[in-house]
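A.B. asks: Protein chains in written order, with this note's numbering: chain G, 3 to 335; chain W, 3 to 335; chain U, 3 to 335.
Keep in mind the hints are simulated off the structure, nothing from the lab.
In this text the structure is predicted, and so the values were computed from the model without any measurement.
Misleading hints may appear alongside valid ones.
All copies of an identical chain are treated as equivalent in the list; a pair is satisfied when it fits inside any one copy or across any two copies.
Once the Cα atoms are required to be at most 30 Å apart in a straight line, the calculated DSS-like pairs of lysine-lysine come out as [what the hints assert, rightly or not]: (1) Lys-313 to Lys-195; (2) Lys-39 to Lys-195; (3) Lys-39 to Lys-313; (4) Lys-47 to Lys-195.
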Amino acid sequence: MAMTLGEIAVRFGLELTGDPGLAVDGVAALASAAPGKLTFCTGAKYRAELAVTRATAVVLPRELAAACPVASLVSPRPYAAYARIAQTLHPVPAVTGGRAPGVQVAPTAQVAASAWIGPNVVIGDGAVIGERCSIGPNSVLEEGVRLGDDCRLQAGVVLNRGVVAGARCSFKSGAVVGSDGFGFAPDADGYVKVPHLGGVILGDDVEVGANTTIDRGTIGDTVVGDGVKLDNQVQVGHNCRIGAHTVIAGCVGISGSSIIGSRCMIGGAVGIAGHLEIGDEVVVTGYSLVTHSLPGPGMYSSGWPAIEARKWRRAVARLHRLDPRGRGGAGGG
Amino acid sequence: MAMTLGEIAVRFGLELTGDPGLAVDGVAALASAAPGKLTFCTGAKYRAELAVTRATAVVLPRELAAACPVASLVSPRPYAAYARIAQTLHPVPAVTGGRAPGVQVAPTAQVAASAWIGPNVVIGDGAVIGERCSIGPNSVLEEGVRLGDDCRLQAGVVLNRGVVAGARCSFKSGAVVGSDGFGFAPDADGYVKVPHLGGVILGDDVEVGANTTIDRGTIGDTVVGDGVKLDNQVQVGHNCRIGAHTVIAGCVGISGSSIIGSRCMIGGAVGIAGHLEIGDEVVVTGYSLVTHSLPGPGMYSSGWPAIEARKWRRAVARLHRLDPRGRGGAGGG
Amino acid sequence: MAMTLGEIAVRFGLELTGDPGLAVDGVAALASAAPGKLTFCTGAKYRAELAVTRATAVVLPRELAAACPVASLVSPRPYAAYARIAQTLHPVPAVTGGRAPGVQVAPTAQVAASAWIGPNVVIGDGAVIGERCSIGPNSVLEEGVRLGDDCRLQAGVVLNRGVVAGARCSFKSGAVVGSDGFGFAPDADGYVKVPHLGGVILGDDVEVGANTTIDRGTIGDTVVGDGVKLDNQVQVGHNCRIGAHTVIAGCVGISGSSIIGSRCMIGGAVGIAGHLEIGDEVVVTGYSLVTHSLPGPGMYSSGWPAIEARKWRRAVARLHRLDPRGRGGAGGG
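One chain only, chain G, in its complex shape (with noise of 0.2 Å):
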């Protein structure tokens, strides 16, 4: 759809400067963006690409304004402002109630008539399914799940029986939630697995990326605050708990019984081990291994950057050559 740039500047409450008249019909990368186009800048650091735009309009911070070319549009949180306007002018398409060829719903399953079940979906008993929820293709949601309103499913997501969602949840292909936890009691030959009988509670605006996989809880819930987003191949182990608006990136993995709090940044292929507690507002960089409780506000790491191979290797060999005792230590043989 196309706004002008007056009723950007008003529906978002940025301002303007530039010809309130001008219409912008979708967004573009600042480097490559055609005329009838909205962008953005973030920082001075793509100054260079600012000044050449062509874009109609950038939504950028005010000490960027003087240096805009084009029409520019004021926030405070320039990027936060032009995912909204960007969301308003790619809209993501209503959902159409109805149901697919091939849907099994159980009889008992309560779906509301607004939302949309895709081909092949599965829904269980006593499922709740909430006004203008979307179904993928191919997914399967066991008896008992909930579903608030407005919640997406791509194709091909588990919901294991009982699993709750809030309103607006998120959940992309392969994801799995619910399945149970990696409990084993080892006893004098080999392990007894332990029933997991609590059950997995997201919030409101929860998203789960592509094949991310959250576990049951044995007794008791693994919870998943409001706002929370797990990106793609993020594995929550069973009774976690994870606080409202923590951002937790790719390849994470986080073993059972840990406790993060709210409104953390949680690094790409970060380690968590289990029956810790993180606090609220803490970074862990990327690649970071969390071995202990980490308190809140703080920035933790432990990820060693990589350098010429060569040189890695004398680096590694004098860490062990320190100590006397360490000598031949790394062959670990």
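Once you have looked at the hints, place chains W and U on chain G.
C.D. replies: Chains W and U alone, transformed into the frame defined by chain G:
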């Protein structure tokens, strides 16, 4: 279901202190258990919670029996005893044989009448499905797959051609067993795919986690021993061999042709290079990288615990500073 | 199928020593090959196995020819030659065009008559499926997906709207290509989702592993070059660009907007931060963390080999002890 403490003591060989006529109808956590529930206490660090538990009975080690305010059931392995009792009080529903709508079974497949085949399941030529197996919705079992008795597949599992599993194996959603491994031979102009002619053979009582992948062998098979437990998002490369009763936590990656012994414990997110041999009863702590063969028994590590980011940056610089040749090496440039 | 050694020598341009009339009907491992099979030997470390092989013929480098007790086929790249011969002796069955039961194809999709569409596959509006493609059971191809000729999707693959792939691409089960990337703009009260308006473009001969995920671009596309091989459980963030013939091993995570050159080799479980540039012919060894751009060609590392746990704990303490300001830092508390 409900059982009396007397029945439990006899059936599981536990020493009861308390009224054998008291009944429990389920399990609960030590701190939150209501009367009528059974719980467990594995160590002295939970002594404060034990002192105020409202559970009807607690499974615990002998040294905690005197501190128990309610009925106690003493076991040398209280967690395993608890797990067995919990399985009994909360039984997994028995499988009812039959086929849901939308199932497609090849005419040459042999499916036990006692097996349940869920909605939209596809079973290929020559597959053999044992007694009382349960195949979750939208799963795909390709030609020649063979499942022993009492296997359970959650929704959306894929077993590629010819995968063989023993009795009582469990596959969680999104597990993919038997896809071609990562084998490419470098050639003058790119890579040539190496055909994967081997299979995957799983023993009895193997558990395969959600979105875990196990590749088939190139020549010869990938083999997973009896009682092996693989958590979610584990990757097992082609031609690996994993010994009986080894437990592998989430997000572990094992490169091709490595051999892991029996009764090992591999921590979360461990990386294991290819063509290695890990002995029996080896423990690798989480987030370690295994680049050499490791004799067993033994415990091995290489994970760095996260600390405050500014301290960590100093530590990284320090290692590189130790060697005058290493100056400036941290940038990798 | 069976071929004579003479036919093989001519077809693959190899130098035969031995009876050209001998026939082989398959491949096998050097140590276990029976007569009638062809095998390969790539280096001197397998010389003992070579000396006693019972295979009918061995593909090997010139320097091993004299040590071969049976017919030899000399190649400068014996593993690639072996792979091509194995492909010929064990051909992948040709695709037979048609549609299985339960298929749902949108009326505006164009599916080549020579393509096979497996059970329960869903194909959206405007999708284009090339000649001889094979789409495995329960796969979902959303609107606008375009596949070149001879692509093969295993069971349970998801290609989101508008994903484009060239000829001869291969997708293993659970692969998800084209889901929205992880883009959220922080705002006063949580996060705003950034619309993902770009797509994913894969070249020819791309291989996508099981449960691998490739996100679509925010603005502009995520691009994967010709001949790129992605192993299982790889995560490729939005707007990444991967150059031709680069090989990426399992469990690698690549953050958004990073650019990887051509003919790179990225080891297992490597983490690559966002907005980096990695040159051509860069090797990153397994379990490294890339936090800076890396010029190519070159080899880079940052993985610590696991050693005995008690030695490792001492090494960790040692690094922190080196700096008096670091005392007590290891606990992160």
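A.B. asks: Which of the numbered hints are not met once you compare them with the structure shown?
C.D. replies: 1 and 3
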